[in-house]
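All chains, please: the whole structure from these sequences, using the hints.
Going line by line, the protein sequences match chains A and B.
Per the working numbering, residue 56 is the first one in the first sequence, and the count goes up by one each step.
Per the working numbering, residue 56 is the first one in the second sequence, and the count goes up by one each step.
If you're looking for bench data, these hints aren't it; they were derived computationally from the structure.
All C-beta atoms in this analysis are idealised placements derived from N, C-alpha and C, irrespective of residue type, glycine included.
Hints may contain errors.
[Claimed, not checked] Taking lysine-lysine and the DSS-like style, the derived pairs with C-alpha atoms no more than 27 angstroms apart in a straight line are:
| # | chain 1 | residue 1 | chain 2 | residue 2 |
| --- | --- | --- | --- | --- |
| 1 | A | 234 | B | 239 |
| 2 | A | 226 | B | 401 |
| 3 | A | 390 | A | 401 |
| 4 | B | 333 | B | 345 |
| 5 | A | 239 | B | 307 |
| 6 | A | 307 | B | 307 |
| 7 | A | 284 | B | 239 |
[What the hints assert, rightly or not] Partial pick of chain A residues on the chain B-facing surface, computed with a CB cut under 10 angstroms:
| # | residue |
| --- | --- |
| 8 | 214 |
| 9 | 226 |
| 10 | 283 |
| 11 | 285 |
| 12 | 286 |
| 13 | 294 |
| 14 | 302 |
| 15 | 331 |
| 16 | 351 |
There are 2 protein chains.
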Amino acid sequence: MFKPVNVAILGATGAVGTELLELLESRNFPLNNLKLLASSRSAGTHLKFKGESIKVEAVDEKAFDDVDLVLASAGGSTSKAWAQTIVDSGAVMVDNSSAFRMNPDVPLIVPEINPEAAANHQGIIANPNCTTILMAVAIYPLHQVQPIERIVVSTYQSASGAGARAMEEVKIQSQAILKGEDPKAEILPYPLAFNLFPHNSPLTETGYCEEEMKMVNETRKIFNTPHLKITATCVRVPVLRAHSEAINLEFKAPFSVAQAREIIAQSPGVQLLEDWQKNYFPMPIDASGKDDVLVGRIRQDISDPNGLELWICGDQIRKGAALNAVQIAELLMEKSLLNIAKSSLKV
Amino acid sequence: MFKPVNVAILGATGAVGTELLELLESRNFPLNNLKLLASSRSAGTHLKFKGESIKVEAVDEKAFDDVDLVLASAGGSTSKAWAQTIVDSGAVMVDNSSAFRMNPDVPLIVPEINPEAAANHQGIIANPNCTTILMAVAIYPLHQVQPIERIVVSTYQSASGAGARAMEEVKIQSQAILKGEDPKAEILPYPLAFNLFPHNSPLTETGYCEEEMKMVNETRKIFNTPHLKITATCVRVPVLRAHSEAINLEFKAPFSVAQAREIIAQSPGVQLLEDWQKNYFPMPIDASGKDDVLVGRIRQDISDPNGLELWICGDQIRKGAALNAVQIAELLMEKSLLNIAKSSLKV
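Spelled out as structure tokens, the structure:
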């Protein structure tokens, strides 16, 4: 259908990198060549793709010369270090880090919401923060019908959001506590097993942590609503995978629960999951490994006639990161936005 | 200081009962006689109190004849079954169940907030729901300075809120998952280890579960603000003990963070715990076994000039249940409200 392209995954050995590989394979992405890149520390290892073993190469100045598309998931500093090289080489970078998300020259895209923003890219497209993507994809269909005025969100974020090593640490801590020993915290700042704490990203001058400010600023950029009122409380919980969010929405006018359910049931990227008889609503174990964000417990806010309460769970490695990046890549193929004239973007 | 009284604990062998015993001892409650009561199933066991072993007796019609004060923590149906007998015997019942909380003839008391309500009791005083007590004691000092208009709260409730057996189940489930086995859910409706789910109390016609409606209705009754706007999302998380809550408060007018901190630091029943340099705020492991509700991360709500965000953790077995009940009992002693004329209350 599309002319196969040369793709590089930068940060191929990480949790999101592994998921990117799996998605390129399962979605049968039209690849001509796949290059796996990582730091020199991880270079030399081999990863499986469609039955073949591909050697992970160390990233260098020449690594992007024959590449059309870079899927970057090696963290902000790596993205910053290589972005100019990638752009100058004529490749398009879909960046999973926070490095360029708020750059006005960089579109920030959730394909179900603002695919049109891709048309203006100058070589870099940013993939939003995981918590933001999960909320945005769940509430945007409602926002289209009736504008949202204010969002109050509390998150329940799994250990895997802090990487595979944090996930492992929670398991080791759990073992220790079950044996009556003291848990050790080395990756995360405090013990997370059988405990929880406010999100450990750096605090900003507002008193909100960076994770919370991402939810505020990135949602505004994706929705193109610079003044949308949003407040967030982000919390790490001892769940291994998939994030949950309690979302309070205030609309301009009343929004019926029945209509909200109908809209969610028909919208892309989300799945309505409610069994009111069984008191069964989305749980992290349901969302793990799933593409869709699970939405349930849609309630009329009894404190506000214009309010709705939503409960969502989503796999933050999948839709919250790798899947959204691959969907952006697919969008670039569909709209023929990969082979652009050499960009003059300076980052 | 006070004339020692005859106290009975109804439900002495449960998690709250055990905590009640510990508190009567550590607070040196002026006891003449202590009677431990439980169902016939638990009768016959012995519990330690001040070095002595006390036999648990089966509750019967004559059990309250020589009792001044009953601390009841055996669940709603047991409280309902014995309340009339207790009242008719002339004893005062401090009831930890939800059975009589919303009864207009029954005061619902958090001693730091509405001790004056005790004066009108007719033989029964209700102890509020744990999640409600923890929130109420933390926000009331602010409400006194500047009335709260609306509350949006999300909870992170530990397994112990569902009893000692639920706590044990989470440990067993964790073991199973760490061994690669499937977790079994017998006490709680779904596996809680490394997972979470909306609170499993029965759903009401509003779509809110009973736990959430308790937070709404009980807070209104304790604050004596029948129209206070409150919306709540209650969630069970795989924490062993102590509940956490993300509380968004909307006031009539702006409330400075500095003033809020000062007020919390000086108020009874709460402790300000914030280290902004270390990104350290209350955690369940800090709150476990503590009397005070820990309050931190007080932030100006960036979505509302009249808003504040609060993060609290509290031991729901202690201040959320047993301690609050003992404080009510102490209040009854102080105000000489134990030896009332025979009540005509019919429940």
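Do the hints match the structure? See the list:
1. Under the criterion of a C-alpha separation no larger than 27 angstroms, the hint pairing residue 234 of chain A with residue 239 of chain B is consistent with the structure, at around 20 angstroms.
2. About 53 angstroms separates the Cα atoms of residue 226 of chain A and residue 401 of chain B, which puts this hinted pair outside 27 angstroms; it is violated.
3. For the given pair, residue 390 of chain A sits about 24 angstroms from residue 401 of chain A by alpha-carbon distance, which is consistent with the 27 angstroms threshold.
4. Taken as a hint, the residue 333 of chain B and residue 345 of chain B pair is honoured in the structure, with Cα atoms around 22 angstroms apart against an allowance of 27 angstroms.
5. In summary, the hint linking residue 239 of chain A to residue 307 of chain B is not supported, as the alpha carbons are separated by about 45 angstroms, beyond the 27 angstroms threshold.
6. Taking the CA atoms of residue 307 of chain A and residue 307 of chain B, the gap is near 21 angstroms; set against the 27 angstroms cutoff, the hint holds.
7. Under the criterion of a C-alpha separation no larger than 27 angstroms, the hint pairing residue 284 of chain A with residue 239 of chain B is inconsistent with the structure, at around 42 angstroms.
8. Evaluation of the residue 214 of chain A hint against chain B yields a held restraint, the C-beta minimum of about 9 angstroms falling below 10 angstroms.
9. The beta carbon of residue 226 of chain A is positioned within 10 angstroms of a beta carbon in chain B (closest approach about 6 angstroms), and the interface hint is therefore held.
10. With a cut of 10 angstroms, the hint placing residue 283 of chain A at the interface with chain B holds, because the nearest CB-to-CB distance is about 9 angstroms.
11. Using the Cβ-Cβ criterion of 10 angstroms, the hint placing residue 285 of chain A at the interface with chain B is satisfied: the shortest such distance is roughly 6 angstroms.
12. The beta carbon of residue 286 of chain A is positioned within 10 angstroms of a beta carbon in chain B (closest approach about 4 angstroms), and the interface hint is therefore held.
13. With its C-beta approaching chain B no nearer than about 6 angstroms, residue 294 of chain A sits inside the 10 angstroms limit, and its interface hint holds.
14. With its C-beta approaching chain B no nearer than about 9 angstroms, residue 302 of chain A sits inside the 10 angstroms limit, and its interface hint holds.
15. Taken as an interface hint, residue 331 of chain A checks out: its beta carbon lies about 6 angstroms from the nearest beta carbon of chain B, inside 10 angstroms.
16. Of the supplied interface hints, the one on residue 351 of chain A holds, with its beta-carbon coming within about 8 angstroms of a beta-carbon of chain B, less than 10 angstroms.
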